[in-house]
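Trainee: In my numbering, the protein residues as written are 1 to 418.
Just so you know, the hints here were simulated from the structure itself, not pulled from any lab data.
Treat each hint with caution, since some may be false.
Derived lysine to aspartate or glutamate pairs resembling EDC-like cross-links, with alpha carbons at most 16 angstroms apart [unchecked claim]:
#  : residue 1 : residue 2
1  : Lys-180   : Glu-149
2  : Lys-214   : Glu-154
3  : Lys-180   : Glu-154
4  : Lys-214   : Asp-260
5  : Lys-214   : Glu-185
6  : Lys-290   : Glu-62
7  : Lys-232   : Asp-260
8  : Lys-232   : Asp-186
9  : Lys-180   : Asp-326
10 : Lys-232   : Asp-198
11 : Lys-214   : Asp-243
12 : Lys-180   : Asp-225
13 : Lys-290   : Glu-81
14 : Lys-214   : Glu-263
15 : Lys-214   : Asp-186
16 : Lys-180   : Glu-150
So the derived label-pair ranges between C-beta atoms look like this [to be verified]:
#  : residue 1 : residue 2 : range
17 : Gly-58    : Asp-243   : 55 to 61 angstroms
18 : Asp-260   : Asn-111   : 46 to 52 angstroms
19 : Gly-238   : Arg-363   : 33 to 39 angstroms
20 : Ala-208   : Ala-407   : 21 to 27 angstroms
For each residue, glycine too, the CB sits at the ideal point set by N, CA and C.
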Amino acid sequence: MTAATAIVAGLPAHAQDCPIQVGVLHSLSGSMAISETTLKDVMLMLVEQQNAAGGLLGCELEAVVVDPASDWPLFAERARELLTVTEVDVIFGAWTSVSRKSVLPVLEELNGLMFYPVQYEGEESSRNVFYTGAAPNQQAIPAVDYFLEELGVESFALLGTDYVYPRTTNNILESYLLDKGIAPEDIFVNYTPFGHSDWATIVSDVVALGAGGKQVGVISTINGDANIGFYKELASAGVSAADIPVVAFSVGEEELSGLDTSELVGHLAAWNYFMSADTEINADFVAAWKEFAGEDRVTNDPMEAHYIGFNMWVNAVTEAGTTDVDAVREAMWGQEFPNLTGGTAVMLPNHHLTKPVLIGEIRADGQFDIISQTTEVPGDAWTDFLPDSAVLTSDWQELECGMYNTATETCVQITSNY
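Start from the sequences, fold in the hints, and give me the full structure.
Mentor: In structure tokens form, the structure reads like this:
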């Protein structure tokens with residue numbers, strides 16, 4: 001491209017380096033491959049679609065795929081390679097919060113840009129990350145409300161994999177439940193390692209919570225392939241959704257595909273998207289995915305988050321006329337793009353989206369019946385239910401700070417090493 005044609009196209013006088021390289025940082029092996037492989041695949045589809053539509057800024061897009069192999073320090077190494085060796089323009093990646101937090105210092109040191117597509121615990125807002133998954137107020141809190149208000153749950157088992165997302169989320173939920181009048185002895189918290197497989201004792205402990213006649217419910221932040229053993233143990237113990245309902249935050253269509261879900265019917269998941277959403281735009285997305293990946297492949301919530309994030313990034317790059325991170329960041333604030341479930345996602349100055357909250361009930365075919373759906377809820381980077389966080393806000397557009405104390409009217413810090 002010549003300088004003249006760049007000006008005609010409304011771009012900066014300097015030419016955009018081609019191809020535009022899109023880093024894809026998802027585990028393709030190890031315990032998280034069950035969830036992350038499909039996110040790599042959807043990124044390949046989105047890049048292919050964009051190239052078929054003419055590329056971006058006169059360039060082809062090229063997906064650069066790396067495998068951090070469910071190894072949290074390796075996420076940082078692979079991110080550094082993407083930014084310094086391959087020199088990608090953007091990264092789409094990570095699933096677990098420990099992998100995201102491993103990458104954060106690298107992104108902030110090198111001024112890289114990453115889109116993170118998975119529900120997480122909040123308590124973070126990096127200038128170098130756009131969080132397209134749910135914050136706790138867009139998933140965890142509404143799910144607990146559903147248990148309290150619709151199912152009459154009186155005793156809660158908070159079961160999670162042992163890392164930062166479940167621990168922080170459950171700290172928030174414990175505080176929230178106590179505020180709602182749930183007694184401390186009616187809140188059971190347990191953490192297990194990644195890949196945990198022996199669930200007999202834990203399921204027995206959960207069942208014992210209901211010995212006094214109270215309705216028990218399970219809030220599950222179990223991640224990865226450990227979910228398979230957990231649901232199998234529930235079934236073998238004869239625990240149905242009518243006995244003890246489970247609402248999961250990390251189990252979707254992909255995790256259920258290939259499983260015998262007949263004994264899981266009625267258990268729940270809270271997400272911002274389900275494949276069964278009855279909209280024209282979702283039907284088109286599902287059809288395109290099956291054509292790209294195979295008729296047996298399913299869609300899920302983090303895929304929609306990548307779909308929204310990628311298209312917002314494309315639009316921001318187009319508006320900015322460059323892939324320069326600082327210019328794209330400014331163009332991202334206020335970006336709008338349709339949700340696959342209906343309505344519109346908006347990127348907020350705190351780098352979180354507005355998202356609807358959906359509760360889905362597992363069907364025998366591994367899909368979900370959507371039994372509850374809200375209008376779009378603005379993502380909150382800092383929870384209102386932990387005292388130290390309630391006074392904090394994030395605003396990169398006006399305040400230029402992701403950790404702003406509203407009581408002292410000061411920016412506590414810029415980097416996200418909290």
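Trainee: Taking 16 angstroms as the top limit, are the C-alpha atoms of Lys-214 and Glu-263 close enough?
Mentor: Judged against 16 angstroms, a Cα distance of about 23 angstroms means the pair is violated.
Trainee: For the pair we were handed, Lys-180 and Glu-149, check the Cα-Cα distance against 16 angstroms.
Mentor: Holds, because 11 angstroms separates the two Cα atoms, which is no more than 16 angstroms.
Trainee: Holds or violated: Lys-180 and Glu-154, Cα atoms, limit 16 angstroms.
Mentor: 11 angstroms, holds
Trainee: Lys-180 and Glu-150: Cα distance at most 16 angstroms?
Mentor: 15 angstroms, holds
Trainee: For a C-alpha distance cap of 16 angstroms, please report whether Lys-180 and Asp-225 respect it.
Mentor: This hinted pair is violated, its Cα atoms lying about 33 angstroms apart.
Trainee: Within a Cα-Cα threshold of 16 angstroms, do Lys-232 and Asp-186 meet the stated pairing?
Mentor: Not satisfied, since the Cα-Cα distance of roughly 25 angstroms exceeds 16 angstroms.
Trainee: Keeping to a limit of 16 angstroms between CA atoms, is the pair of Lys-232 and Asp-260 held or broken?
Mentor: Between Lys-232 and Asp-260 the Cα gap is close to 9 angstroms, so the pair holds against 16 angstroms.
Trainee: Starting from the range 21 to 27 angstroms, see whether the pair Ala-208 and Ala-407 falls in it by beta-carbon distance.
Mentor: Given about 43 angstroms between the Cβ atoms, the range is violated.
Trainee: Does Lys-232 pair with Asp-198 here, judged by a C-alpha cut-off of 16 angstroms?
Mentor: 10 angstroms, holds
Trainee: Can the restraint linking Lys-214 and Glu-185 be considered satisfied, given a maximum Cα separation of 16 angstroms?
Mentor: Satisfied, since the Cα-Cα distance of roughly 12 angstroms is no more than 16 angstroms.
Trainee: Would you check the hint for Lys-290 and Glu-81, treating anything up to 16 angstroms between C-alpha atoms as holding?
Mentor: 32 angstroms, violated
Trainee: Please verify whether Lys-290 and Glu-62 have alpha carbons no more than 16 angstroms apart.
Mentor: Violated. Lys-290 to Glu-62 sits at ~22 angstroms, over the 16 angstroms cutoff.
Hint compliance for this structure: hints 4, 6, 8, 9, 12, 13, 14, 19, 20 are not met, and every other hint is.
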